[in-house]
Structures are given as structure tokens and as C-alpha cells.
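**Q** Place chain D on chain S using the hints.
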Amino acid sequence: MAHPQIAAFARLAQGNIPPTRAIAGQAALLSRSLHDIRYDAINDEILVANGHAQAILVYRGAADGEEAPIRIIQGSKTMLNDPDRLDVDPIHNEIFVPDREGKQILVFPRNGIGDVAPIRVLKGPATQLERAGALVVDPVHNLLVVGLPYSDTGSSPPAGSLLIFQRTDAGNTPPSRIIRGPKTGIIRINQMAVYSPRKVVIAAQPGKIEEMEPDGAFVGVWSLDDNGDVPPRWKLIAGPKSTMKKPRGVALDPKNKTVIIADMRLNAVLTFYFPEIF
Amino acid sequence: MIRASRIARTTGLLAVLVVAALGFILVNPGIRPRPGSGFAESSERRPKASRQLVSIQPMMPMGGEMCEWAPASGFARLAASWHGVRTAQSVSARIVSAAADSDVSVEISRPPLRVISDRNPLFSAIAIEPESGMLMVTDQNLFQLLEFNRLDNTPPHARMTEPKRVIGGPLTKAEMMCAVYIDPRTKEVYVGNGDTQRWLPVFSKDARGNVQPDRFLKVEGAVAGMAVDEQRQELFVTIEADKMVLVYKKTASGNDRPIRRLAGEATQLEGPRGIALDTKRNLLFVSNTGNAHSLKYDADITKSPVQIPGTGRFEPASITVHSLDAQGNTAPLRIIEGPNTQLNVPALMAVDEERGELYVANNTGHSVLVFKVTDSGDVKPARIIKGPKSGIKHPSAVALDLKNRELWVTNFGNHTATVYPLTANGDVAPRRTIRSGPADEVNLLIGNPGAVGYDSRREEILVPN
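Note that the protein sequences, when read in sequence, are chains S and D.
If you want this note's numbering, it's the 1-based position in the first sequence plus 4.
If you want this note's numbering, it's the 1-based position in the second sequence plus 217.
Only chain D is shown next, with the shape it has when bound in the complex:
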């Protein structure tokens, strides 16, 4: 009896639905589909006050930025149905407490929506060994040490020049490579790590790939610049943060200690970065950014100095000139400093002892400044290589090939190492260019991003180096 009643009720309901559907179609002929077509017949649409189907469009292909399905949101909906929670806010709060109760993290491993990065090597430090034509360049983007031949020249339409040899990877103890040196006799390559590591690895001429260095030295700080006195077999490094120059035996390794230290208020080392030697005149040149503060140095030169709070100050960029033997808290012999010098975030340097000239990679001045090694005070450079033809953009290092009378420049701003006649002056086009990426690909200039900010007004991501 009950079953018969249910059947009758169901049949009646179906009949009502069929009649209603037929009536709806008769009253709204515009929604009748064309045989064999998925699209509405727009010509059959009638102007009327009620809703009607206008068209059917295929969905846009799914790609680009979109919301990824997230298990947590699914859990949120489920949680909402369980607990009758209506707002996403309170659901999220429950998820938070649920995660805490479970004492387990919700691990998320999803691809990023977007990545701002440069896939090309970014040339930083450079060293040339003229006899063999060996040219070593550090890459501060992909953390590699690259060997080229000095005669390499990337054709204008080529994507890049492949290096002859690549050293890079976690085993190398080489990361943010700010400085490089080639031993002229053994062809060993010395690498100075800045910022992130305190190792100074040395690689044999045969080292290749992700290999451990042949030896390494633990330096008392992050190395910004490096130079070697081959006559005395001494290795000089600048430590930017601790405002000092450390001198090691060239063969030092492991935890070997520096043999002397130039540091202290009197030295006027103020953010030292580049370093160059003039062994002929017994001179040591140091480029300084001008970021200064006072430090307390321990008598034990292996101990890191301690900052004296509240002594910070901004000084002009400078080049301090010291005796090659200088140590301790010794004043410089001379200082090149002032508006005429055009120093603007000076970086690495090189000396031509024969011509008595000092070459400075003048980073944010987009130039190479050439001073006389005897210069002092607020002097104009003897020569300036700069301009659109030169291709110099954010130069980070210079190297001299005195045998072939050439000047090498690495451009942090445009994926190139460029070479000029040693006597170049003004807006001179390079003789040759080694490119690490396509000519039309821009360089992001990102170096060691330790933080990030978001400008919500301009919808911009702020990235400090």
C-alpha cells in the first residue's frame, strides 16, 4: 500500500516536470538548440524582459596565473559543513587550531607562480694569464667559475660564447665569487668568496665541474678583493665589512693565519673592496665605498674586530694608497678622493706598473677611471672609458693584459666581458666582447638577495642586493 502510494506520487511528479519543461521550451523558443550545433540561434532571440540564453562560448584555455587547487581550502569547506562555520575567516582559524592540535605541519610543496631570475651567467671578477691566453671570469648569478680564451669574441647574432671550462657546485666552496686570481706559473685559480662564504678555494688548471678545491684557506671575513705579490709570495685580501686588509702567505691553506693586517681608524679604510699592487713602487691601492664605522681590533689578528656602536658615518668614495708593507693602524700615504675623481661606488682595480697607471672599475659611474699611481687628492682621472659605444655598464672588475696591451672589463650590467686597447680613452668600442647571454636579454642586476619587500601601492617587488 505504501509502495503503491510512492509509485503514484513519483509518476505524478515526473508528469508535472515533463509538462513544465515542454511549456518552457514553447514559451522560450530561443533556447532551442540547433540540430548538430552547440551554439544558440541568436536570430531566434526575442526581446523580452525575462532571462534568455544569449550565447555559449567555449572556456578560455587554462594557463598563466590562476588559483591552484589547495587541499587546505577543501578541508576548509569540509570543516565548514561539519561545523556549520560560515565564514572563511573562522574556518581558517579552525584550521590553525587543528594544525596545532595535530602537532604536525601542513607541508606545502608547490611550484611558484612566478620567478624573477636571470638564467645567464653574470660576470663579476676577471683575471687574465697572457702567456696561455687563459681568461677566468666569475659568475655571480649561477655561482660558477668560467674559463674562456682571451681571443674569444661572441658573434653579434650568437646567443653566447660557451666557456672552455666550468667549475661550480656545492663541493667547490665557491659561491658569491667577488675576486679571482691566476697563478702565472701553475695556472692555479684562486677564488675570493664574498658575503656568503669565508673560504678562499684554489683550483688546479685541470679542475672542472662540481669538484672540491685542491686546497682552501679559511679567511677571517668575506673577501671583496684579492691581489698577489708573486715576488714575496703574499696574498692580499680586502674584508669590506671589517674594514681591513689581510695578508697571507700565498700558499696558506686551512686555518693558516694572516701574516699581517692593515686595519684601524688611521688607515681610512672605509668599506674597502678593490685592491691592486704596484710592486715596482712598493704601493698598495684600496678602493673604498665610503661606508664607515669604527672598530675595536684585537691584538690577535685572527680575531674578528668588534664594531663600536654609534660610530657609523658616510664618507666620500676614495682610493687609499698605502705602503705595500703597511700593517696595523697606519695612515695611508695618499688618498684619491673628491668630486673631480668621479668615483661612484668603485669596485675592483688593476695597476699597470710600466705605465704607472691605476685602473678602477667605477661601478655606478658606468666607467673605467684611469689615474696616475702618483695621484693624490681631488684629481681628475687621466682617462675615462665610458659611453654607449664602450658597452660599459655597472663594471665590477678590470684586468690588464700587459703582453697584448689590452684592458679587460666585466660588466655586471649587461652579461659581457669587454676588451679595449690599453690606452683607450672616451667612448671607445670594445675590440672583442664575450657575452654570456643573448644581446637583447636584459640583466636584472640582482646579486645575493637577502631580503624582499612589497610596495603595495605600486604593486612592485623590492629587491635589495
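Same shape as in the complex, but just chain S:
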């Protein structure tokens, strides 16, 4: 049984090189099944969502060992409900959290501590936030991208989508653009990243959850201006050459023009040279 942990590996690590450090233990307040992690380079902080305790945990960037978070957002005012993923906007000092069950997006002050109410809530039928499970913020273009999974009772083949909102949208506001349809290849969206200089979103599309090695898994890149049934501009496809099977996490290293991918089925982290998007 995997234990709750955040491990840090050197950028050039390969094979079974040990982590340089690991945050773990009872005091760290982590849970298993952490489905997002964000590094805030401006403030040198690591952020994760603990869905099992309905909490947002913020660690110092160099945290190691059995180290407690420096800030926790948790409590009745937070409205947090199985927080699974999150993103931080270090420019506008906000934390965004999708709420699958509540069909809403909660926005907290980045420096919030304890039982803090959201400063904005995006919610309502016009938002189309049905089972919103993933999101990412583009603080440069002031956009919020939300990933939706396929609906069990929905279209055939099952299709998920990307909803693009303005960053400051609140209440019952419809998305500015929707990327949805068979050409998109989206079944469900997991972790996403944004590269603002190119105005693109990079999204992990791992396919159906119940399939261990699903067909059609990929990491897709869309322009943040895309709208409608648009295929990804680039599609890093799972298969024998890429060795990817079920990509679920994605992070960017623009300096080295690489995309870093967490593959659940491989139980591995893969780094791809991907100069096209930088």
C-alpha cells in the first residue's frame, strides 16, 4: 500500500535514482491519492489538496521529511468538498479548487489560513461545471481552464471537455469557449498545465478510468483561443514509442523545453523533449 508522500527527484534523475527528499509521515497531514501538485516559484511553496480531509495544504518549497504544512485551508466556511485538484495563481494571489460534487469552482486567497471562505465561487447551470475535476489558471491572459470527464449517461463515444472561463468569472457565468466533441479526443481530463507565452494549455487525457491500458490516451495541447470541436494542436500519444500508457499528470520545464508526465500505469515519471510548444 503506497503511503502518503511527496517525493522530489533531481531533474536529470533517471531509472531508480532515489529521491532527493520526501515529505511524508503523520505530521505532514498528507493523504493517499494526491491528484494534483503545484509549485509556486514566486513564493517558493508547494501546494496539494487532501481530499480525504477536505483541506488545501501549503508547504515551504524546501520541505523535507515529516514536516507540517505552513498553511492549511480547512473548515466549514471553506465549502471544500472532496478537493481533488487545484492550481495557484501567484500573480493575483489566488488558489483555485474544483468541486466535482458541488459542480463549482472555489477561489481562495493564496495566503488564506484555516477556516477561510472563498473569495469567489463560480457556480450555476450556465457554467456547465458538471463533475469539474481539473483546472489550471493562466494568470497572463486571465483565463481559467476547467477539465470535465465524460458523463456515464452522455454521448457515445463518451466525451469530456475543456471549459475556458475568464479568470475572474463568478456566479452563474457561462464559459467563454468550450472545447468539446469527437475531434478533441477527450474522454476525461486529469492534470493540466498552461504555458502563457504561447497561450496554450497542456492536458493529460488518460482515457477511461476502468480500463487499465486504455486506447487513445494522450497528452494534448490546445490553444487557449480554441473553441468547439477542435483537435489538439499537438498530441503526444501513448504507445510503444513514447512508452506512455496512462498519463495522468503533466508539468512543464520551459527552460529545458520539456514536458514532465506522470504515468499511472507505468508507475513512473517521464520527461519528453517537446520544443514545439515552447
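These are computed hints drawn from the structure, not numbers from a lab.
Check the hints yourself; a few may be wrong.
Unchecked claim - To be clear about the criterion: a stretch of chain S counts as covered by chain D if any three or more of its residues have a C-beta under 8 Å from a C-beta of chain D, and this derived list gives those stretches: (1) 40-46; (2) 213-221; (3) 266-277.
Bear in mind the structure is a predicted one, so any value in this text is a computation, not a measurement.
The C-beta atom is built at its ideal place from N, Cα and C for all residues, glycine as well.
**A** Relative to the frame of chain S, chain D by itself:
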């Protein structure tokens, strides 16, 4: 006339070039190549202000990290020449718009530059059947179920011990295998899937390879721990995320429903993971991580509960003790909890009914804690197996062989299953060790990575489990 003029002009140009080249060589003797050599004669170099060739070195062999030739960049250069675009930025922007216009993705299938992975099995859950010596271990790295013999012992210099039998692959409905149980009579193997799948597959003693299970049960949640009451023919599972214990008939399959559920605020099930039964005393033990929130449970016990927003809290790690028959929102009989217990991310557990002892794989405490089954409150463990000689590192499960008086431990942190005398205490070396990889190869401790981050300041990749 025109042709003659061209010939004269070409001849004149050639003559000028030849004279210029000869003059350059005379003025710069240092660049004359040595006959039969590709290298410059450094002794002939003259100190002077103008540029001169110092040496010729063979190119370094191409390998390791380098820029792969990318068709898109070629297209970018071509696009630049077509459109007179000077900067890569604007070329990329054109590529973006070109891709949109074509309505087709640029599919990229290239090998990764680097892969962080462990190629060895990573032992997680464990079960022992003493009569036959059958030892089943789940592998949470390569997603396999491995059978060993209880007397296997990897020699110190051997790479690993080969399992007698391997079950694994997409057909098996077994992936992130958190729990395992061996039916003592049929030798069937029950597997509890955590996190990624909600199947509980059962394999016959002859199942092998990428095979479909002989039967499977669709569980109302991801299974963290599993135990069986053979007398009552009941199967108990913990559902960590939904903070409940579900009880099924042992023979349940397909969409069979649980026969009872222990769940609710009063139960104090707070991140339940391990589960162990004491049928002699009619007790049920559950280890809890302390990650808590309130849930609304439907009267229909097959329906998943719904989280109550804003009720999340952190509680200490604990072991709740319930009646074996407990169901509904029933308070525990006792709770083992507090700093003296040394509980630190407790995982799977086992009970020795004869000795009245509860064994706990204390994951991040790197220990096995042994409590009395009658313990309550902030008690010290009766025994602690821990230390460098013990080889215990991030233990994830324990199993008891009461016939041979042995304690088995799977170590998520070092590719081993280790076995100790049942009464072991302190820093005790294992009697035997089954290793799944070379002794000097480290374990990455990665389990089900659902996300990744990049720390650009330290140039580190952040991987959560």
C-alpha cells in the same frame, strides 16, 4: 558574344580566387595540414593578432541528452523562409494557426528523454497459508500478484527470488492491489484493489499470467484493507475514501450487495485502511490515518455516501475496536490513540488470537507495533520491531503464520518481505528475506502517481503518491 564574355568573366574570377588562396596559405603557414594527418601542426603556429586554427578535435560521440530533430522546427524554418518571419516566436504562432486551419493534430510519438521508474516489484500486501507454505504478495509497482514459498530466502548476492507464479495484466482486474487473502481450504486468492479499480477479483490456485479472475465482486469503493471470517463466511473490506467498513458474503460476486455496513460519525472511522478480525473475542480492528470528514450515508448501503462540505479535519492516527457484528453508525468499543502508541500512518494489520496480540504495519514509523487486543487509549505498544538490523522500511502489511510461529512483513521501502519469530522485539534481524530486486538498488517509493510538479528553483520533479 555574350557566351564569350561570360567565359572570360568566369576565368578571371577563378584566377583571382586561386591567387588569393595561395597568398593566404603563404601568409598563414600554420594552417597547412601535415601530410597524412588531419591535425594542425601546433609548432608552426605563430603568435599574431589575426585568427588562426589552433586544433581540430574529433566530435564528441552523440548520446545522452540532446535535442531531437523535430519536424515542426523544420517546418518552422521553412515557414520562416516562405513568410520572412524572423523570430521563432512568431513562427510558432503561425504553426499554431496552421494546425488549427488544417483541423488535424500534429501527432508526436517520440521516446522520453528520461524515465524515473523502478523495474523491480514493490511488495505491498501479503498473505500466508501455512499448511501448504503458499505465500502471496502483491506488487504495486508492476501490478502483479506473486506467489512464493514460505521458506524462500534470497541469498545476499542474488539479484532476486523468482516467484513460483505470477498473475498480472489488463485481463486480471487487478491493479493497485492493496490487500490479499488466501482461502485456507481452496487456496483461492482474493485481491483488494485500491485507488484505481473497484473490482475484487478471486483467482484459483492454478491461475497464472494475464488471465481473467475466476470470479469478481464489484465493491462499493476502492479497497484499502481486507479480512475474512471463515466461520461466518464473511468478507470485510475498508473503504478509505468513504470511511466505512463493508461486509459481504465471502462468496459474493458480480454486483452482489454488502450484507452490512459500518459507517458514520459515531464509528470514528477516520481514513480506515487496515482491518483485522479476532473471531475468538468477536472483535474487529480498524487502523485509521486520521484524515477525516463527515459523510451523509444513504439508507441503501450500496449507494456511495456523499461528503458534507467543510467538515474536513485532521485527527490523530488511531485503531478503532468494534464488535465483529457492528453495523450502521455505531461507536467503537475502544480506541487506541495518542502519542504513546507511536502510530505513524498505520497500514495493514493482523491478529494472533491465541496470544491476544494485534500487529500493525506502522508505515512511516518504519516499525511493526504489537498491541494487546485489550488495549485502549494512549498505550505504549507491548513490543516494537524496528531498527537497521530488522530491515523494516515503510512496512505496508503484516501476516501471521501461527503454525510456524512467524511474522511476515512487506517493506514498501526496500523491495523485501521479511520474516521474524512471532515473539520478536526490538531491532531483530529477519530469519529470512525475500527480495524482489538487487540489495543495492533503491526503492523510489512511487505509488500511483496521479500528478507531477516541477520545482524550477531547485530543478526538481515533485511526485505525489
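**Q** Establish whether the coverage given for the segment 40-46 of chain S by chain D is satisfied; the threshold is a Cβ-Cβ distance below 8 Å, and no fewer than three residues must meet it.
**A** Since three or more residues must qualify, the claim that chain D covers the segment 40-46 of chain S holds, with 5 doing so at under 8 Å.
**Q** Cut-off 8 Å, C-beta pairs, minimum 3 residues; does the coverage of the segment 266-277 of chain S by chain D stand?
**A** holds (count 12)
**Q** For the segment 213-221 of chain S, do three or more residues have a beta carbon lying closer than 8 Å to a beta carbon of chain D?
**A** holds (count 5)
The structure agrees with every numbered hint stated previously.
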